[in-house]
Amino acid sequence: AQSVAQPEDQVNVAEGNPLTVKCTYSVSGNPYLFWYVQYPNRGLQFLLKYITGDNLVKGSYGFEAEFNKSQTSFHLKKPSALVSDSALYFCAVRISSASKIIFGSGTRLSIRP
Amino acid sequence: KAGVTQTPRYLIKTRGQQVTLSCSPISGHRSVSWYQQTPGQGLQFLFEYFSETQRNKGNFPGRFSGRQFSNSRSEMNVSTLELGDSALYLCASSPGADYLTDTQYFGPGTRLTVL
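Same order as they appear, the protein sequences are chains D and U.
The numbers in my numbering rise by one with no breaks, and the one at position 101 of the first sequence is 232.
The numbers in my numbering rise by one with no breaks, and the one at position 94 of the second sequence is 127.
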């Protein structure tokens, strides 16, 4: 079965420190990977996506993610966290053999001042 | 460009009733997708419409239906509401040319509470 896993329900980081939000996937075929962020009482906002090409993808608000095919991972990173980065983060995958997008369970990122 | 709008933002219904939610996509976008978000099940894909046709469908019962109009606006209908239908319903629009790689832009959602 196709799936996306976000192994950490919560990630806590001090402001100014680097942050990583993990995502792994299990799919057959080539994956198209996405990261979204959700602030309280809001819809999802697009951060970045991997379609093909360079494994390091840069996105909005200083975020980046690295596609690692051998480890089937697509971790979200930021060199220096801001308190305003505190939110719920979702990883998602689409594949050509499935007619839907699959979201991970979400990771709550908390940045302390 | 104006973003994706959803109406109403909040809705309270009782079991057995039906409800219709509306979504207006970003101008020029031809694809509209619907999602259900709950604390227990997370984000689940309901269906996607492109050029007035349902292009993709998730694993929800037939009580959940939708349609898209010629101006790309979309409505979602849930009949015979159950307590478990209480959720945040999100709509997302995208250009529509490539379902696999298009970026989706989400609306703020409609919070449905079923009593």
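Each hint should be verified, as a subset may be incorrect.
Below, a list of computed lysine-lysine pairs in the DSS-like style, where the Cα atoms sit at most 25 Å apart [unchecked claim]:
1) D:Lys231 / U:Lys46
2) D:Lys208 / D:Lys180
3) D:Lys200 / D:Lys153
4) D:Lys231 / D:Lys153
5) D:Lys153 / D:Lys189
6) D:Lys180 / U:Lys46
In case anyone wonders, no lab produced these hints; they're calculated from the structure.
Against the structure, the hints:
A distance of roughly 29 Å separates the Cα atoms of lysine 231 (chain D) and lysine 46 (chain U); the hinted pair therefore is violated under the 25 Å criterion. A hinted pair counts as satisfied when its Cα atoms are at most 25 Å apart, and lysine 208 (chain D) with lysine 180 (chain D) qualifies at roughly 13 Å. Taking the CA atoms of lysine 200 (chain D) and lysine 153 (chain D), the gap is about 14 Å. The hint holds against a cut of 25 Å. A distance of roughly 22 Å separates the Cα atoms of lysine 231 (chain D) and lysine 153 (chain D); the hinted pair therefore holds under the 25 Å criterion.
Restraint check: the Cα-Cα separation between lysine 153 (chain D) and lysine 189 (chain D) comes to about 16 Å, which is no more than 25 Å; the hinted pair holds. For the hint pairing lysine 180 (chain D) with lysine 46 (chain U), the CA-to-CA distance comes to about 37 Å; that exceeds 25 Å, so the pair is violated.
The structure does not agree with the numbered hints 1 and 6 stated previously, though it agrees with the rest.
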